[in-house]
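Asks: Next come the chains, spelled out residue by residue.
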Amino acid sequence: MCEANVYINRNGKEELLMEKVDRMIPGDENNIFMESIFGERRVIQARIKEMQLVHHRIILEEIKTAAEFQEQEIWLTLDTEHGHFHDGEEIRLNLFNGYNMKVNQDHVFSHPQVSMLQHGQTRECPVQINEGIVEVNLGEEADGLMQVYAHESGDKELYAKIFLEVGHHHHHGVEPVGLPLEIIPSNYQHARMGENYEIQVLKNGLPLAGAKVKSTYAGTSNHDYPHHLVTDEDGKTSLFLTARGNYLFSVADGEIISTFTLTKSF
Amino acid sequence: MCRDMPPLELAIQFHGHICPGLLMGVRASEFAIQHLQLERDRDEELLAVVETNSCGVDAIQSILGCTFGKGNLIFKDYGKAVYTIASRDKGKAIRIAQKFNANRNPLFNRYRELNIKDHLTPEEKTEQENLLGQVFESIMTAPFEDIFEWHEIEFDFPEKAEIRKTLQCSVCGEGVMDARAVTTEPGVVCPTCYIDQGGE
Chain A
254 MCEANVYINR NGKEELLMEK VDRMIPGDEN NIFMESIFGE RRVIQARIKE
304 MQLVHHRIIL EEIKTAAEFQ EQEIWLTLDT EHGHFHDGEE IRLNLFNGYN
354 MKVNQDHVFS HPQVSMLQHG QTRECPVQIN EGIVEVNLGE EADGLMQVYA
404 HESGDKELYA KIFLEVGHHH HHGVEPVGLP LEIIPSNYQH ARMGENYEIQ
454 VLKNGLPLAG AKVKSTYAGT SNHDYPHHLV TDEDGKTSLF LTARGNYLFS
504 VADGEIISTF TLTKSF
Chain B
151 MCRDMPPLEL AIQFHGHICP GLLMGVRASE FAIQHLQLER DRDEELLAVV
201 ETNSCGVDAI QSILGCTFGK GNLIFKDYGK AVYTIASRDK GKAIRIAQKF
251 NANRNPLFNR YRELNIKDHL TPEEKTEQEN LLGQVFESIM TAPFEDIFEW
301 HEIEFDFPEK AEIRKTLQCS VCGEGVMDAR AVTTEPGVVC PTCYIDQGGE
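Listed in order, the protein sequences are those of chains A and B.
According to the working numbering, the first sequence is numbered sequentially starting from 254.
According to the working numbering, the second sequence is numbered sequentially starting from 151.
Treat the hints with caution; some may be incorrect.
To be verified - Residues of chain B placed beyond 12 Å of chain A at every Cβ, according to the derived structure:
#	residue
1	R177
2	R254
3	P308
To be verified - Taking lysine-lysine pairs in the DSS-like style, the calculated list, with each CA pair at most 27 Å apart, reads:
#	chain 1	residue 1	chain 2	residue 2
4	A	K467	B	K275
5	B	K220	B	K242
6	B	K275	A	K302
7	B	K267	A	K266
What the hints assert, rightly or not - Among the chain A residues that face chain B by a calculated CB cut under 7 Å, a handful are:
#	residue
8	R445
9	G472
10	N475
No lab work stands behind these hints: they were computed from the structure.
The C-beta atom is built at its ideal place from N, Cα and C for all residues, glycine as well.
In isolation and in its complexed conformation, chain B is listed as follows (with noise of 0.2 Å):
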């Protein structure tokens, strides 16, 4: 049971907190899994684009194992809670976009009016509270169809993430992988100090 954390508590854990968003990205997540009989990701067997970097990335981060860290979480800055998960070993990919209107109903828009602001009163903590539990409820048991759009698509492939050399920085004597180091005339810099320089 120890080892047996639901991927709900491994989200929640990871990300600190729970919120809208994040559940948002255990929903995806858990249908990817499902669809593509998915088992978490040790080794780049699996690669997720995402197009936003807010909550719901950390679900796909802690239950598909696709990390910042390992290279198999490819970010895209479009702002959009559009989630590619890939599968190698299947040949698979599917592209998980949460709807428009998925969290635009009365009780999404207050829990959000409560959440930006600075200070609540008691009354206002606990009616956030409330409101996220039923907002919890509501995310937790829609229907799959009625929050996201789904298909699958032909996706390419890259290589897996490659081990590069170290070099050190001639100006702060730091390590830096050798693919964004800079060669200069007094030698070897990192992207750093060749910034500090004037560089661009």
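With the rest of the complex left out, here is chain A (with noise of 0.2 Å):
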């Protein structure tokens, strides 16, 4: 008797899965593929958290990815990996549909929209979608700040927004960009770690208070939104950054989720 049985570990409660398996090939994406003696085939999205070969139990711990979510948001980020670009570099960014910055690789993007406003002129951004991402490419020319925002319709109308610097040393004031449910920094500057870093939630233009917002950076391990804030009377909450990555603020309102991206940059 060389099979063993295998169980999978959901909130903490062990469950079994497939008697007697004797056959386990770990895939792609943190697939494992499981056979019985029986014959019975399985695969299950999960880690093998614990083998108990003496007593032929193997505990696998479930994986749970964007998809599984209860909500899908759309986020932008720049291509590049020390938050801002220079002159005369080519400006490229990238559109994500996921939760918690972590991206859902099987969302299916279906003509979203993203536009660039620099200057009080907006204009329409060409976009490619590669494998589950849109990419957005401004060329060479850009110079100054701006902001890029993008929208996309599906189940819940999904906004996201990133400010978008060329060259050095921009202070410009902050307009927004005008989108229904909107994120704003209440100052546009050099966001650092060890600095409280303040925002505004708008609805419709004015300012929202008592909104929800939920914050998070790059690489968390957390499965959900690590911060979770609540706006004033002015529409305005801050959160102090401690993490090295970009944070992605994220707000919703009835059927509106609009996200906005903090580059750091230094």
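Please dock the two separately framed chains into a single complex, following the hints provided.
Replies: Right, here's the structure in full:
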């Protein structure tokens, strides 16, 4: 008797998944294929937590993917390692779908719209969808401080926004781009770790008091958003930045979910 | 903006990761800069005497520029989180000592407990990440007097680091600073070869 029973740990409880398993093959994207001596086959997204070979027990732990989360949102990131672009550099951004900055690679974008606002002028940005990611290329001519924002319609109206800086030392005032639900930084500045960062939530251009804002950062091991904030009477709230990566702020109101990506730069 | 890397980022980049000890060193360094009106050291205008060789010293090196290589970082192996920062130009020195209870609370204790474990479960990794965030905020926002004691002290400034001759070891052939070389009967030897040959 060499086969084992496979159990899965769901929310702290072990459940028998398959009896008398004699083959287990780890696959891509955390998939594990298993086959029992009776010919039953199954693929599950999980990781091996423990193997008790004397007791013929293998315990798996369920892996939640972004697709399993209750909400989907979109967010923009800059395709650069140091948070800003230099003059003459090719300006590239990516638009993702997922949750808590964890990308849902199964999502199929349908007609995402990406636009750019600079000096009061708005223009649509060309996009290309590549393996579940929307790629935005603004070329090499862009200069100064601009806001790029995206919209995708589906079960909910999803919005995303990011600041984009080309060249050095642009410190202009911040103007909302006019989304129905929008997060703006109180003062445009280079956000730094170890400092407070204040944002404001606007609904149809007016401060939204009591809005629940979630915040996360790139690379978090939290399954859900680690920070939960509530806006004050001016629609403002702030977060002390302790992570190295970029932050994402997300706010929902009715059928609208709107995000703002804070790119840290120095 | 590329040249304007904030002190905290400098320290993390130099040290390789964020940890409570490094953040304590960041607070001590920033306080010294503010109190003595310092700029980062270029060529031994500043001097740091550190009484520990733990994480906080990397903040002193990266933020203040008092480094092992320049010879303006003097290490006293006392195992104490105490940093004396002195400015030759100002003729002033400040001794900054971390308070005994600065990092003794349930938050730090739990973080430390997780930090010394060989293996963390995914839940513990998440807990550790969140605890580090809380510890980070508590250190960086604490009133300085709550976590450090400090006072100006009289300080005897040593001479600046001397540039010495390099001699060749008669055994291994490698170069050795003349002040460290040992003259033996067959010739000048470096400390390594001297010890290998039974010297003390």
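Asks: Each hint needs a verdict: does it hold in this structure or not?
Replies: Evaluation of the provided hints:
1. R177: violated (10 Å)
2. R254: Its Cβ never comes within 12 Å of chain A, the nearest being 21 Å, so this holds.
3. P308: Correct as stated: the minimum Cβ-Cβ distance to chain A is 34 Å, above 12 Å.
4. K467/A with K275/B: holds (21 Å)
5. K220/B with K242/B: Holds: K220/B and K242/B sit about 20 Å apart, inside 27 Å.
6. K275/B with K302/A: Holds. K275/B to K302/A sits at ~15 Å (cutoff 27 Å).
7. K267/B with K266/A: Distance ~24 Å between K267/B and K266/A Cα, so the pair holds.
8. R445: Result: holds, 5 Å to nearest chain B Cβ.
9. G472: Where the cut-off is 7 Å and the nearest Cβ of chain B is about 9 Å from G472/A, the hint is violated.
10. N475: It holds, given that the least Cβ distance between N475/A and chain B is near 5 Å, below 7 Å.
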